[in-house]
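Undergrad: With the hints as a guide, bring both chains together as one complex.
Protein chains in written order, with our numbering: chain E, 1 to 318; chain U, 1 to 256.
Just so you know, these hints were derived from the structure itself, not from any lab.
Just to be clear, a hint being listed does not mean it is correct.
Partner residues are not named here, just some residues of chain E that face chain U (Cβ under 10 angstroms, in silico) [said to hold, decoys possible]: (1) 11; (2) 63; (3) 66; (4) 71; (5) 77; (6) 85.
For lysine-lysine, the following DSS-like pairs were computed, each having C-alpha atoms within a straight-line distance of at most 25 angstroms [as the list claims (entries may be wrong)]: (7) 220/E / 209/E; (8) 15/U / 131/E; (9) 86/U / 131/E; (10) 86/U / 15/U.
Idealized CB from N, CA, C, for every residue including glycine.
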Amino acid sequence: MIRVEGLEKHFGSTHALRGIDLDAAEGTILCVLGPNGAGKTTAVRILATLIRPDAGSAEVAGIDVLRHPGEVRARIGLAGQYAALDELLTGRENLEMIARLFRLSGATARHRAAELLERFELVDAADRIVKTYSGGMRRRLDLGGALVASPPVLFLDEPTTGLDPRSRLSMWDLIEDLAKGGTTMLMTTQYLEEADRLADDIVVIDHGKVIARGTAAELKRLIGGERLQVTVDRPADLERAASVLSSLGEGPAHVEAEERRVSVAITSVDGVLTRAVRELDAAGVAVDDAGFRSPTLDEVFLNLTGHPAEETPTEAAT
Amino acid sequence: MSLRWWIADSIEMVKRNLRHIRRTPELLLDVTLSPIMFVVLFRFVFGGAIPIQGTTYVNFLMAGIFVQTIAFAGVYTGVLLANDLKNGMIDRFRSLPMSQSTVLTGRTLTDLLRAMLAVTVMWVVGLIVGFRPEGGVLGAAGAIGLMLLFGFALSWIGVAMGAFVRTPEALQGLIFMTVFPLTFASSAFVPTDTMPDWLRVFAEHQPMTLVVNAVRDLTLGGSGGPDLLPAVIWAVGLLIIFFPVGLALYRRRTSQ
Numbered sequence: 001m002i003r004v005e006g007l008e009k010h011f012g013s014t015h016a017l018r019g020i021d022l023d024a025a026e027g028t029i030l031c032v033l034g035p036n037g038a039g040k041t042t043a044v045r046i047l048a049t050l051i052r053p054d055a056g057s058a059e060v061a062g063i064d065v066l067r068h069p070g071e072v073r074a075r076i077g078l079a080g081q082y083a084a085l086d087e088l089l090t091g092r093e094n095l096e097m098i099a100r101l102f103r104l105s106g107a108t109a110r111h112r113a114a115e116l117l118e119r120f121e122l123v124d125a126a127d128r129i130v131k132t133y134s135g136g137m138r139r140r141l142d143l144g145g146a147l148v149a150s151p152p153v154l155f156l157d158e159p160t161t162g163l164d165p166r167s168r169l170s171m172w173d174l175i176e177d178l179a180k181g182g183t184t185m186l187m188t189t190q191y192l193e194e195a196d197r198l199a200d201d202i203v204v205i206d207h208g209k210v211i212a213r214g215t216a217a218e219l220k221r222l223i224g225g226e227r228l229q230v231t232v233d234r235p236a237d238l239e240r241a242a243s244v245l246s247s248l249g250e251g252p253a254h255v256e257a258e259e260r261r262v263s264v265a266i267t268s269v270d271g272v273l274t275r276a277v278r279e280l281d282a283a284g285v286a287v288d289d290a291g292f293r294s295p296t297l298d299e300v301f302l303n304l305t306g307h308p309a310e311e312t313p314t315e316a317a318t
Numbered sequence: 001m002s003l004r005w006w007i008a009d010s011i012e013m014v015k016r017n018l019r020h021i022r023r024t025p026e027l028l029l030d031v032t033l034s035p036i037m038f039v040v041l042f043r044f045v046f047g048g049a050i051p052i053q054g055t056t057y058v059n060f061l062m063a064g065i066f067v068q069t070i071a072f073a074g075v076y077t078g079v080l081l082a083n084d085l086k087n088g089m090i091d092r093f094r095s096l097p098m099s100q101s102t103v104l105t106g107r108t109l110t111d112l113l114r115a116m117l118a119v120t121v122m123w124v125v126g127l128i129v130g131f132r133p134e135g136g137v138l139g140a141a142g143a144i145g146l147m148l149l150f151g152f153a154l155s156w157i158g159v160a161m162g163a164f165v166r167t168p169e170a171l172q173g174l175i176f177m178t179v180f181p182l183t184f185a186s187s188a189f190v191p192t193d194t195m196p197d198w199l200r201v202f203a204e205h206q207p208m209t210l211v212v213n214a215v216r217d218l219t220l221g222g223s224g225g226p227d228l229l230p231a232v233i234w235a236v237g238l239l240i241i242f243f244p245v246g247l248a249l250y251r252r253r254t255s256q
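Just chain U, same shape as in the assembly (with noise of 0.2 angstroms):
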């Protein structure tokens, strides 16, 4: 199978599902509006009780909304291929001469895409609020760049979750159970100085806080500061692991 027929797949199921993005526009207020919705509450409910060090809540803020969006939407990538499976298309593809590989990559790069709206939407929405970004088209690349890299890894784990589940409803509950705890548990909204040192421990280490702080970083004028580096290898790490997984567990679900 060459690679050139490898991304001439991948862009044919990238189409059908930026087809089914235009016919259900639906699919996006994950993307647009409930992130809007975020960056609005968070910006004036919490913006003048939590006092931030060098810099304006909102501006603190960003970085956190930014990824948390971004973790919803990759893992949200697992709900939308167990939609897929339920439908008699996945059978019709499998039948077909095609590299099957593409019905996931066709998935997680459209779930890219997606990403990518999100940050655009946020970005706007936090500059009307007030978010001053201070790291320049530089700063504001690695930032986008790492948010994107991190969000594909974590499509990549819906994509195992998606093919091991038996429902799209189940997955939904386990991704608030999971995601939403890693959110709070970490730097994103609120500096970690003031949680129990179990709770900080644990929300210093893991990966969520560590790309917030990199994105916070570089969006603030850094360049990327401490956690920049093992946020690379926590995002490059997932995908090494979760593209076979996932690749795998769909295999094995398809194929019964």
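Bound conformation, chain E alone (with noise of 0.2 angstroms):
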């Protein structure tokens, strides 16, 4: 449904994107994954007929991204991290503004437009501006907005960048929603909870290149599974906690002394708690907190750059 081969893409002397290939069959979710200035956005404009790669070939729902951009146009959905709303105009107004433009009937597009409303729990703000809308309002409204004609492709840029926790989630149910009812997703994202949930599969990238591919449970081996955490009370004890985790988990430990934490990959989580806790005991190690949490993204990238997941702002989404 979504096949790119090759895309490369510079903007002066920056290269946004190295060659990249990406594949998402029908009716399935494909994130891509990586931090800013990977080339995430740029992916989706080039996808999304906003910007043309210097070169490669993309194909959308069968049609050649480059040649057809108008068909494609009408093909797909775009929502992306900066809600693409008109401020000054209601909810609905918006709504209705872009069924028009999809050529649907004056009609037809109220009831569109209210239909939207009434799914994305937007019915009493439908009226008032867009400049009052909070945060998660605005983007459901854009997922609204991307969906009005119904595409077979929606495009996803960063859909909860920002978002609080519980705006988060419902922006997840109505993702879920939409995959459940058969529709071609590409998201990208910064977080890989995120990915984890939502993708069939992922795809990490990286200054503009590919540098893992795979389902959520792949990558996870790749990298190593959860994690165990602990924190200590005195900074004189993060090397000694260090020898107790690196001992219990695979691989070495990792410090991070600011924040006085100390963790490691674990294979299994059976029983490995109460062992940590009752050997750091032992070694005389006060411990604050422990417990589990899955990787970050930043050890994402340690694990298959050996570099952090660096920010670099170049990726101008103008």
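TA: Next comes the structure, spelled out in structure tokens:
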């Protein structure tokens, strides 16, 4: 449904994309995971016909994006981290305008807008201007705008970045519902947790290149699964805590001195926590907090590339 | 892309812009309050000091105020477009199967409506302070038609500038520095005969003067005078040049 081969794009001397391949089967969610500046937004903008690549080919719903952008536009929806809405129009007016521009008749446009407002729980705010909307409401309306023409393919560019946890969960539910309805989606995210929950397939990109791909389970095997994390009371204990954890987990323990935290990848959670606390106690380490957590994007990148996910502010979204 | 859809999309864009105006009425200050201020100030400050042969100063002045206001409002399209370009909404439009040039035609057509409002307001205020047009309905229609044509052409220059500059603020400065001297080095507020030669030659041949003279002649009972044809040619010429230029600059700007 979405097929991309050898996509390249540079802005001036910055190589945003250096040959990316992507493939999403009909009705699946493909997550493009990467830090800021990895090239995620550029890839989405090319697929949504907003910019042209320097090299490579892209096909959406069987149509060549470069040769027939107009036909692609009739089959896609785009929702992004910067909600593309008219601030001075009401939620209803936004949706009706988009519907009219999709060439729906006046009556159909009104009906469709009402339907989407209902579905995204925006009925009460429907006739208020978007300026007064919260971040979560904007994203929902933005997603509604992308769905006006019921497109078979949807591009979601960091749909939950900057949202509070509750809005994020409700956005996830909406995305899952769409997937059940058979919509093919390509979404970008900086959150491993998000990719883990929603994606059928994950592609990890960094500096414009694919550095890993697979299902969430495959990637976790690649990078080590859960982590055991301990916060110690006294900074002086960090070293001893690290040596205890290293003996319990996979590979060396990772120390974050400022936070007084030590973490290590583990293969199985069974009994590890009890053993860790017991052995730390025996070693005279005072423990503030101990528990399991999923690896962060930083750790994924550290494992895959040997360097942490850098914040490169070069991903010009203009 | 059929003409029918192009018209439908343009109307949708105009509707959007009119809603913006309804919600931020201060967007209309430049076509309501400031022309009123200009009419009243010029009428009463210069009205007694500047003698005009054959008619009153206010009758002479109105054509100048009309064209000045239309010129500013026309080029101001660029500021409104530059504001639009900062907004994520343009990306939305570009991902829709609509006809893309209507983002611009919607903008310039809305500004044509703004110009009509400005003309109406000024005409009424003019009548109150002593403006006595003698050209009848035909002369008035001709004068207004020419002004609006000129304003529409200028709003495409505005589009080109708005798509070219980085910020709306920069454009505002640029407009002030170009349109302001053009309106004063013209026949808009005073006859050109007392200007020094170098300025007079420029003032008599620049488009603003040609349009002002033609509008003045039409409102005062003439049939447009010798400057009518060159004025129309200027307006149509600017439109023919700046419509594609504006569109191309907009495409270039938004596809980066």
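Undergrad: Does each hint hold? Answer for all of them.
TA: Hints, one by one, checked against the model:
no.	hint	result
1	11	holds (8 angstroms)
2	63	violated (12 angstroms)
3	66	violated (13 angstroms)
4	71	holds (8 angstroms)
5	77	holds (8 angstroms)
6	85	holds (7 angstroms)
7	220/E / 209/E	holds (20 angstroms)
8	15/U / 131/E	holds (18 angstroms)
9	86/U / 131/E	holds (15 angstroms)
10	86/U / 15/U	holds (20 angstroms)
Checked against the numbered hints given earlier, the structure breaks hints 2 and 3 and satisfies all the rest.
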